[in-house]
Amino acid sequence: MKKVIEAENLVKKFGDFTAVDNITFQVNEGEIFGFLGANGAGKTTAMRMLCGLSKPTSGEGRVAGYDIGKEAEKVKANIGYMSQKFSLYNDLKVWENIRLFGGIYGMGSDEIKEKTDELLKRLNFENEKNTMVKSLPLGWKQKLAFSVSIFHNPKIVFLDEPTGGVDPATRRQFWELIYEATDRGITVFVTTHYMDEAEYCDRVSIMVDGRIDALESPMKLRETYDAKNMDEVFYQLARTAKRNGG
Amino acid sequence: MKAIEVKGLKKKYRKTEAIKGVSFEVDKGELFGIIGPDGAGKTTLFRILTTLIYPDEGEARVEGLDTIKDYKEIRHIVGYMPGRFSLYQDLSVEENLTFFATVFNTTIEENYHLIEDIYKQIEPFKRRKAGKLSGGMKQKLALSCALIHKPKVLFLDEPTTGVDPVSRKEFWGMLKKLKKEGITIVVSTPYMDEAMLCDRIALISEGEIMKINSPEGIIDEYDSRLWKIRGEDMHRLLKDVREYEGTESCYAFGDSLHITLKGGEESIGGLEKFAEEKGHGKIRGEEIRANIEDCFMKLMKK
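Top line first, the protein sequences correspond to chains B and V.
Read in order, the letters of the first sequence are residues 1 to 246 in the numbering used here.
Read in order, the letters of the second sequence are residues 1001 to 1302 in the numbering used here.
The following block holds chain B by itself, in its conformation from the complex (with noise of 0.2 Å):
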């Protein structure tokens, strides 16, 4: 199988402090991966140095088939990201927004327009062409931005927490945006704190002061520590982090 990351003993310190402590794993090709810690496990610096945005201390790590040392840039050209926090400007209109993602990830002026009106089709957004984004409901915003981190079709997409906050009926229409997205061939990569969407995910890896703990298909976390839930799992995993992240 196609691997889109491969981590290899990955290790990042700011001072004395090891943030993440030597992680190896490998991600397929159209995957959906969770990966879950409690705050302050790591998962952050992990993800930074994955999207080439801050270098690894030592080890090695490729996503995209780009090496995030040595060709940082082509990884974020070939990545895309999205976060909860941040994502689309509020003050651009859909299109302004769209363009300006499509133009930054070095798309040509035709293809943005010609992709854009497809987007918008498909997402039934015709009539918001011109709508200021602030102005959106939260859902569509949403959508919008998590369609926005794709335009580009890159081979793996980033998203940060991406369901915070929202109504549980939005929440799941998110993650079928996410299997549409599979469906394509895209890689996801998942961060969330809500521990039913971890079952929505191919395999989930577990994060425990800067270590990975466990990594498995939900099904086997599930058996592995005979627990009812991927709550049950995280809980077991999590409280015996030493690290006073929280």
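A few of these clues could be false.
[Stated by the list, open to error] To give an idea of the chain V side of the interface with chain B (calculated C-beta under 10 Å), a few residues:
1. Ala1040
2. Ile1108
3. Ser1134
4. Asp1164
5. Pro1165
6. Met1192
7. His1235
8. Phe1253
9. Asp1255
10. Phe1296
11. Met1297
[To be verified] Subject to a maximum C-alpha distance of 20 Å in a straight line, what follows is the list of computed EDC-like cross-link-like pairs (lysine to aspartate or glutamate):
12. V/Lys1298 with B/Glu176
13. V/Lys1239 with B/Glu216
14. B/Lys220 with V/Asp1255
15. B/Lys143 with V/Glu1206
16. B/Lys141 with V/Asp1038
17. V/Lys1169 with B/Glu232
18. B/Lys228 with V/Glu1206
19. B/Lys220 with V/Glu1017
20. B/Lys228 with V/Glu1245
21. V/Lys1228 with B/Glu176
22. V/Lys1228 with B/Asp231
23. B/Lys228 with V/Asp1117
24. B/Lys134 with V/Glu1017
25. V/Lys1239 with B/Glu180
26. B/Lys141 with B/Glu126
27. B/Lys242 with V/Glu1170
28. V/Lys1169 with B/Glu180
29. V/Lys1239 with B/Asp231
30. B/Lys85 with V/Glu1245
31. B/Lys143 with V/Asp1038
32. V/Lys1015 with B/Glu128
33. V/Lys1301 with V/Glu1245
34. B/Lys242 with V/Glu1123
35. B/Lys228 with V/Glu1287
36. B/Lys242 with V/Asp1117
37. V/Lys1239 with B/Glu176
38. B/Lys134 with V/Asp1038
39. V/Lys1169 with B/Asp209
40. B/Lys134 with V/Glu1206
These are calculated hints, taken from the structure and not from any lab test.
Just so you know, even glycine gets a beta-carbon here, dropped at the ideal spot from N, CA and C.
Put chain V on the given structure of chain B with help from the hints.
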């Protein structure tokens, strides 16, 4: 007297109606949850109750005091932890706490017993600047500062948003202890599982309260039969179940799907057969009790 009485409250921001006529009461000593997604109006409600903004219509009372006329008195008896970290980033942990104690004319020592369990976890870092704390430690400091004057009513606006499940459990453990001290607690959250930890909850969506009851009471009021099913390929199963003509609703819930059928159907046999024809093998539906998310989604549809 009730700890909180809210009647016909409305608030508009330009064209946006943040709260569209909300009424409820909270008993003294109650742990009351306001459960709803971002944009439902939770923060506006908190800001009115803590006298930071005026409502356009309606009235609100805290411990019998009017939020407009008696705002000064209210400010003495409530503690408020806003959703956004709002302590002084350039002051140390201890300085922040001393500041809030002084503002309320008290000392850290006087009410130390109230915050002891929480504060002692961050006390080793008391000389650190608040801006340099981790998320969990900021949360504990903010809670300590909101408690230091021994408020009668504590308002916590989304204290657990973005917090991992283990720390969330710990936080709710702290709230239970505070409840024993007789403090009335009003807490908002977008996490539906936390609803079960409250005495009573209000489910809020788009500026309106859809339901108020105990969590169990809300679940008892769910009036459809609900089944859960599992399959090998859950995403394909979800799509197929939605295509089935008898399906009323179908949502993913962790490792299973939750389904209601049209017209109060008594049996899920038809759907099981349909799933088998679609190549999902032998699937057994199991009738289950709704959870808060099931209830919330059903109420939202109305």
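Hints, one by one, checked against the model:
1. At a threshold of 10 Å, the smallest CB-CB gap from V/Ala1040 to chain B is about 8 Å, leaving the interface hint in force.
2. With its C-beta approaching chain B no nearer than about 22 Å, V/Ile1108 sits outside the 10 Å limit, and its interface hint is violated.
3. Look at V/Ser1134: its Cβ gets to within about 5 Å of chain B, closer than 10 Å, so that hint holds up.
4. At about 4 Å, the closest approach between the beta carbon of V/Asp1164 and any beta carbon in chain B falls short of 10 Å, and the interface hint on this residue holds.
5. Interface restraint check: V/Pro1165 against chain B, minimum CB-CB distance 6 Å, threshold 10 Å, status holds.
6. Interface hint status for V/Met1192: upheld, as the beta-carbon distance to the closest one in chain B is roughly 6 Å, under 10 Å.
7. Hint status for V/His1235: holds, given a least beta-carbon distance of 5 Å to chain B, under 10 Å.
8. Taking 10 Å as the C-beta cut-off, the interface hint given for V/Phe1253 holds, the closest approach to chain B being about 6 Å.
9. Taken as an interface hint, V/Asp1255 checks out: its beta carbon lies about 5 Å from the nearest beta carbon of chain B, inside 10 Å.
10. Restraint check, V/Phe1296 versus chain B: the minimum CB separation of about 6 Å is within 10 Å; hint holds.
11. Residue-level restraint check for V/Met1297 holds (minimum Cβ-Cβ distance to chain B is 5 Å; threshold 10 Å).
12. As the CA atoms of V/Lys1298 and B/Glu176 are separated by approximately 19 Å, the hinted pair is consistent with the 20 Å bound.
13. Restraint check for V/Lys1239 and B/Glu216: not satisfied, since their Cα atoms lie roughly 26 Å apart, outside the 20 Å limit.
14. Taking the CA atoms of B/Lys220 and V/Asp1255, the gap is about 12 Å. The hint holds against a cut of 20 Å.
15. Taking the CA atoms of B/Lys143 and V/Glu1206, the gap is about 19 Å. The hint holds against a cut of 20 Å.
16. Taken as a hint, the B/Lys141 and V/Asp1038 pair is honoured in the structure, with Cα atoms around 12 Å apart against an allowance of 20 Å.
17. For the suggested pair V/Lys1169 and B/Glu232, the alpha carbons sit about 12 Å apart, so the restraint of at most 20 Å is met.
18. In summary, the hint linking B/Lys228 to V/Glu1206 is not supported, as the alpha carbons are separated by about 34 Å, beyond the 20 Å threshold.
19. A distance of roughly 47 Å separates the Cα atoms of B/Lys220 and V/Glu1017; the hinted pair therefore is violated under the 20 Å criterion.
20. Of the pairs offered as hints, the one joining B/Lys228 and V/Glu1245 is violated, with about 32 Å between alpha carbons and a cut-off of 20 Å exceeded.
21. Taking the CA atoms of V/Lys1228 and B/Glu176, the gap is near 19 Å; set against the 20 Å cutoff, the hint holds.
22. A threshold of 20 Å between alpha carbons decides the hint, and for V/Lys1228 with B/Asp231 the separation of about 19 Å falls inside it, so the pair holds.
23. The hinted pair formed by B/Lys228 and V/Asp1117 fails the criterion: a straight-line CA distance of about 31 Å is larger than 20 Å.
24. Note on B/Lys134 and V/Glu1017: the hinted pairing holds, with a Cα-Cα distance of about 15 Å set against a maximum of 20 Å.
25. This hinted pair checks out: V/Lys1239 and B/Glu180 have alpha carbons roughly 11 Å apart, not beyond 20 Å.
26. Only pairs whose Cα atoms come within 20 Å are accepted, and B/Lys141 paired with B/Glu126 is accepted, the gap being roughly 14 Å.
27. For the proposed pair B/Lys242 and V/Glu1170, the alpha carbon gap of about 15 Å is at most 20 Å, so the pair holds.
28. In summary, the hint linking V/Lys1169 to B/Glu180 is not supported, as the alpha carbons are separated by about 33 Å, beyond the 20 Å threshold.
29. Under the criterion of a C-alpha separation no larger than 20 Å, the hint pairing V/Lys1239 with B/Asp231 is inconsistent with the structure, at around 26 Å.
30. Taking the CA atoms of B/Lys85 and V/Glu1245, the gap is about 39 Å. The hint is violated against a cut of 20 Å.
31. Taken as a hint, the B/Lys143 and V/Asp1038 pair is honoured in the structure, with Cα atoms around 15 Å apart against an allowance of 20 Å.
32. In summary, the hint linking V/Lys1015 to B/Glu128 is supported, as the alpha carbons are separated by about 18 Å, within the 20 Å threshold.
33. Pair hint V/Lys1301 plus V/Glu1245 holds up; C-alpha atoms about 19 Å apart against a cutoff of 20 Å.
34. Distance check on the hinted pair: B/Lys242 and V/Glu1123 sit about 17 Å apart at the alpha-carbon level, within 20 Å; holds.
35. Distance hint between B/Lys228 and V/Glu1287 is fulfilled; the C-alpha atoms sit about 18 Å from each other, no more than 20 Å.
36. Restraint check: the Cα-Cα separation between B/Lys242 and V/Asp1117 comes to about 19 Å, which is no more than 20 Å; the hinted pair holds.
37. At roughly 10 Å between alpha-carbon atoms, V/Lys1239 and B/Glu176 fall within 20 Å of each other, so this suggested pair holds.
38. For a cut-off of 20 Å, the pair hint linking B/Lys134 to V/Asp1038 stands: about 14 Å separates their Cα positions.
39. Between V/Lys1169 and B/Asp209, the direct Cα distance comes to roughly 19 Å. Compliance with the 20 Å bound is thereby established for this hinted pair.
40. Restraint check: the Cα-Cα separation between B/Lys134 and V/Glu1206 comes to about 16 Å, which is no more than 20 Å; the hinted pair holds.
The structure does not agree with the numbered hints 2, 13, 18, 19, 20, 23, 28, 29 and 30 stated previously, though it agrees with the rest.
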